[in-house]
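In the order they appear, the protein sequences are chains Y, D, H and A. Using my numbering, read the first sequence as starting at 147 and increasing by one per residue. Using my numbering, read the second sequence as starting at 147 and increasing by one per residue. Using my numbering, read the third sequence as starting at 147 and increasing by one per residue. Using my numbering, read the fourth sequence as starting at 147 and increasing by one per residue.
Read the hints as simulated data drawn from the structure, not as lab findings. Model, not experiment: these values are computed from the prediction. A few of these clues could be false.
Any copy will do: because identical chains look the same in the list, a pair fits if it lies in one copy or spans two.
[As the list claims (entries may be wrong)] Capping the alpha-carbon separation at 20 Å, the derived lysine to any residue pairs in SDA-like fashion look like this: (1) K468 with E333; (2) K477 with I487; (3) K477 with A172; (4) K220 with S188; (5) K272 with G440.
4 protein chains.
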Amino acid sequence: MSSKNLTSNDFEAQCLGENVHPSPMATECFCDSYERLLYHSSLNEIQQRIANNSEPLSFEVAGPRRNIFFDPAKIACGIVTCGGLCPGTNDVIRAIVMSLYHHYGVQNIYGFRYGYEGLVASYGHKPLKLTTELVSRIGESGGTILGSSRGHQDPAEMVSMLSELNIGILFTIGGDGTLRGAAKIAEEIARQGKSISVIGIPKTIDNDISYLQTTFGFETAVSEARRSTYAAHTEALGARNGVGLVKLMGRDSGFIAAYTAMADCQVNYCLIPEAPFTVAGLLADLETRIRQRGHAVIVVAEGAGQELMTASDQVDASGNKKLADIGVFLKEKIMAHFAEIGLEMTLKYIDPSYTIRSQPANPHDTTFCLSLGQNAAHAGMAGRTNMVVGFWNHQFVHVPIKLATSSRKKIDPVGRLWSSVISSTGQPAKL
Amino acid sequence: MSSKNLTSNDFEAQCLGENVHPSPMATECFCDSYERLLYHSSLNEIQQRIANNSEPLSFEVAGPRRNIFFDPAKIACGIVTCGGLCPGTNDVIRAIVMSLYHHYGVQNIYGFRYGYEGLVASYGHKPLKLTTELVSRIGESGGTILGSSRGHQDPAEMVSMLSELNIGILFTIGGDGTLRGAAKIAEEIARQGKSISVIGIPKTIDNDISYLQTTFGFETAVSEARRSTYAAHTEALGARNGVGLVKLMGRDSGFIAAYTAMADCQVNYCLIPEAPFTVAGLLADLETRIRQRGHAVIVVAEGAGQELMTASDQVDASGNKKLADIGVFLKEKIMAHFAEIGLEMTLKYIDPSYTIRSQPANPHDTTFCLSLGQNAAHAGMAGRTNMVVGFWNHQFVHVPIKLATSSRKKIDPVGRLWSSVISSTGQPAKL
Amino acid sequence: MSSKNLTSNDFEAQCLGENVHPSPMATECFCDSYERLLYHSSLNEIQQRIANNSEPLSFEVAGPRRNIFFDPAKIACGIVTCGGLCPGTNDVIRAIVMSLYHHYGVQNIYGFRYGYEGLVASYGHKPLKLTTELVSRIGESGGTILGSSRGHQDPAEMVSMLSELNIGILFTIGGDGTLRGAAKIAEEIARQGKSISVIGIPKTIDNDISYLQTTFGFETAVSEARRSTYAAHTEALGARNGVGLVKLMGRDSGFIAAYTAMADCQVNYCLIPEAPFTVAGLLADLETRIRQRGHAVIVVAEGAGQELMTASDQVDASGNKKLADIGVFLKEKIMAHFAEIGLEMTLKYIDPSYTIRSQPANPHDTTFCLSLGQNAAHAGMAGRTNMVVGFWNHQFVHVPIKLATSSRKKIDPVGRLWSSVISSTGQPAKL
Amino acid sequence: MSSKNLTSNDFEAQCLGENVHPSPMATECFCDSYERLLYHSSLNEIQQRIANNSEPLSFEVAGPRRNIFFDPAKIACGIVTCGGLCPGTNDVIRAIVMSLYHHYGVQNIYGFRYGYEGLVASYGHKPLKLTTELVSRIGESGGTILGSSRGHQDPAEMVSMLSELNIGILFTIGGDGTLRGAAKIAEEIARQGKSISVIGIPKTIDNDISYLQTTFGFETAVSEARRSTYAAHTEALGARNGVGLVKLMGRDSGFIAAYTAMADCQVNYCLIPEAPFTVAGLLADLETRIRQRGHAVIVVAEGAGQELMTASDQVDASGNKKLADIGVFLKEKIMAHFAEIGLEMTLKYIDPSYTIRSQPANPHDTTFCLSLGQNAAHAGMAGRTNMVVGFWNHQFVHVPIKLATSSRKKIDPVGRLWSSVISSTGQPAKL
């Protein structure tokens, strides 16, 4: 996550205009303009910046403003959810609706159905009217009450529907692709000279968005993933020379696999995209372990070891490259190896992805989603646009979409997190 | 489950000899010899028997006897677990050990490792000494602390190890194949004129053993399976024209699929081995539902629709015919159909088997396993052999292995259970 | 549960009249009139009856009839829930509504609010219109969507509201007191010569209704109760001479305490109303155990040991005698005893009742509630009245309210269940 | 949490001496001495410091050092757990043992039993030898395998036992009182000129230790607490004018209550020690809500509203002032008020503390405990002493015990967290 060429400017969210309306929100706890959060938290880094006479990089702190851009009585708002399911999505929807209604008095809130499709008239998905009653208990269910889809739509068509419904703020809940789509909508809005704010709430169960230390749903995902490694370990123990193999989410970043490995001390191998390994290396170490201990548990992120398999050129509707199936690949390689050396063994392969991502949020994520949604509402009402609500060093901040999508957050294979993982699993530093 | 040609004789467990030792058990609650449980519970059936002057069929009731066959001070006992994992196995092991030790004072109890392999000297698996301390909290973990394996071993070799260790009672925890194996051990013992009791505790997560209304682990399995249908439903709702497809256990009998469908009212189709269906029938109804409601959840037992696929001649180590994969088959057929008719849809396929079967027992199953284990100990000490502990009309009974394995328990496709299932799912009676 | 003076007559549910309408239900699986379930399941009992030339006692089997009493197009139906919360209540409501609508086509179904109050006009609770959409997912929540209350209301007033709303069948979900109230409504209906069926679904988390082997919510309650004994055990282990004391439901019958004690093998004492004990006896044994083992877990049913405390004459709105608090009483006695003998110890007291009873049903209870509700609908449509849907030897049956409320189901303190409990806890047979 | 008079010096952990031994740990990921974490994260604060020419306050970053103080082959280590139960305690024990053994090769690790008592010879508690096998799966259970106690012991006696056992590092897991005790041990060690390190791992389920953004077990506690507010809400909905009242932990700081209120959007009132309220204010608002909405859920921290009740002078063994019972107090006040105004209502009171604190850690806390334990081992081996392992802005740091115990962390009643809580509950800012 290099910040070498970043300037203070890259950290500034766009504004639609001056905040001329006093906020109707009943609080004494407004954010002051001088509140900014340091991007760096290392003393050394700060001292170097000072020595170089460069101002420390910092984010604008999120929260309610004393004066706001929109007159809440005059606008409608819209919410759209895109991409794969993620625990907490309904909590975010609920928090946005509750904040818009109770804090600001916005009367018309629309939920667009099935992702960006819902913003294109020709699909014929009628927007859902979101009331506080309707959303009151939606957090108890997984998934998204709005439905979702992958893929982009024409920005002009979407802006046209926003204008027609008198939308002042569009909240987009989605991942990397969705956010890039949101940026295009914001650009089209700017091109047309309209005053519509576009606020993103980053949704990535993989936790791989830069400049965001955590994304919602991640904790819930790790909790649920541990159920699978528990099963894998139980299966491995129950058989002579038993191997449990669990494939977890993680296209480019192995955070779920890494945290699950640390959360379940019975995991013996954790394989992630950021730390390359060879099949021979894995098989040799696994064979040794099986001969010595009689069982093993392996966790592999879906994006790990892609270079070991035949590449595919296919992409899905979101434009993500279709991954080759590392789980099935490893399963076959391992079974072939033990068959070859004549060591009887049993391998059980578990792929729990859909069960993980369809869970309702755990209490941690519920609370986190509450704050995300509220801060998104505040940011929108304050006329910020083309930004996402981020979380950095225990504070909610405004992050420009461009910055958030400029690079993917990954595990540093020579850093402390990965070092903790391999010390927890006991696997060799280099497989 | 026809009982047409059964006689009272078929219901009698074998005995090793006379019960000459007074039981050391501290209870006033011994079983009396006249306690027998009716096999039939229908008034009509009993009246017909009476009219025909034939005695009603009945089981011997399980429980502690005032006098027992073995002198507990003079024997060791052994426990072996075979076949696939099943919730509650450790609870049964625990209950047997606790009862043998606390009720009867048996000092030496061995756990044979990795199924019947552990009874064959040449495998070199040293038996585990089972103490009350060792087993005290094993029920909190899924799986089996003894390990398991599939497949038969030579009865003579196994009896030879039993004799060597001075085993008086061998407890075998396993399914159909395991029980047939146990019967062979009992026959070999009889052939050699030895006094070793063989008591089976039926373990079949599929709940498919005849003359047993419930088997342990089944309730836990259904509970866990409902987590998967919840996920499938959430995924289906979250996509336009979403289909969630869940494959559950059930080689020959669809009990898990059927009860899961009733336990989750969001399941729209339940497919089981006992109720044949056609691919065309399913696709036609599914298409209609998707067009009308926009989502659907399908549960399929692994043994369903085998006749629709190319047969395989392979068998696994237990001698079970290898099943073709109905889950993957249906997934492909459904996706191909919708592609053909040009109706965009999303299918999520979930196969949770290993996660289900590796769960620890829920409280219902823990209690059930406690009674199973205790009654197994009582039956063995009373010199019964070649039998399993069964559960019939809320009572524990003695069931000869031959009777228990004479036919498989299945869902009657024109009976009330299946009728309840299809009224819960709303699927057509005939797909 | 003596059946000495019972005659076949006591087992017959009342009928409103002849079943003249063909059932619109799409099934081939109707119940035939000759289907009756034996009350006794012991061979001995049946043989004695035959020897005495008395017909075996039997229940009418529940299920859909080919011909029904009501014309579904012409009636409305009503549902009322009374008494304390119980897991599964919403599932029963759902199942009744679904069956009335999908099986029979009943269009108007009312939910009366807050128990029998909702049937008395002067309270002003407007009945809730129950649609299949409204009830679709209510089983995911605990409690009752209709609300509840305790206490009786005037039968004449209630019948007057039933008539006004053209109710053909009233479903009452409640315990002993509620069922007696339902019987009074049925009698008032009969007195007025009206054709309104009153069908009870027994709701008692204590599982204490006679002639019903299980009641809904009981399994869920035991599951949740085990969480408290787990906590009590953990607390007890975490302190020098730690004692964990858990008070569970069970006014007159200790089933929840007994099954929880068997489901958690760490429970050392189980105290129930049916098995009297002395404070001195408990303290002496507890002291011995604490000196030897350093920790102990005690489970006590709320109705246990009432004779040890000062009696109260108060009753609650349901007419139940107010119990003295055995939990607090024991806590104080135990702490005083150890203070007196100068043995330092720590006692943690847990009273989880509200948390237990407000849970949603587990999958077992969901399925059970589905069948209860469907069979209640079938019984009502077939013109049965003044009866409850019971469950006996794995079958659903019709039980007259008078029979069901004639005596309370209790644990036999010299029977096999209690014997299993004390063998699991290891407590003395007589404390 | 004012830092006005703090100097850089207050942030420095003590050192036993020079690090002369090369670390045997197999990693490339050692901490460098220049790695320091800023205490302030606000740009403004840093700029002011720079303007004032004062160096920013910063913590030493935790982690393994390339050179260490102790020769691992020559020392034993000890672990002690004190105070009330807290989820994750066993995980911390496990992580320390694993790190000492696998990273450094320490052979003798002792677990002192029942808190500081275990360090005083006269109590006669034999230390438990902690092996990697023994601790392998202890994280699956709640509580502490070492047992715990409250209260102080004589530092000289404890140091005497440490010397006798050749302890090089003592790890103390406990709260405020325990840490002050640890500081006294460290001082006694210094007085005697010994080289024994004392490293604290802050255990406070209330999350109320300053300079630590999170403490282990807190997330698990909030998760479990939400089960109680769910029950309270279900009970409240199930009765006419139902009120659910839940008392949660929080002697001086209301973090658990506050986060639970945000995690369960059905909570209507959250009462904490930091935000005073009047009984009259609460009753008036509650009455209005009950008349309008018919139900309410109240969460109260145990330390809230102490000034409303008669003060007690008693203290517990840890020296904590005994709190008056605000839960029972409010229950009675509320019931009296509604009785007085003649409004029938039902109140259910839930006190789940023991059930909450005896849970095993959730995956988040397991992972967090892993890092805490590892960093404690690293700090001890590097000769740091009289410090705790803290967590600040997503990094593990060294915090002197004196700093950590200098003041309690509390919720700012005019800050953003509390503002989020009252906006989530909808309660008036001032009750």
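Results for each hint:
1. K468 with E333: neither (29 Å within a copy, 58 Å between copies)
2. K477 with I487: within (16 Å within a copy, 35 Å between copies)
3. K477 with A172: neither (58 Å within a copy, 30 Å between copies)
4. K220 with S188: neither (45 Å within a copy, 35 Å between copies)
5. K272 with G440: between (58 Å within a copy, 14 Å between copies)
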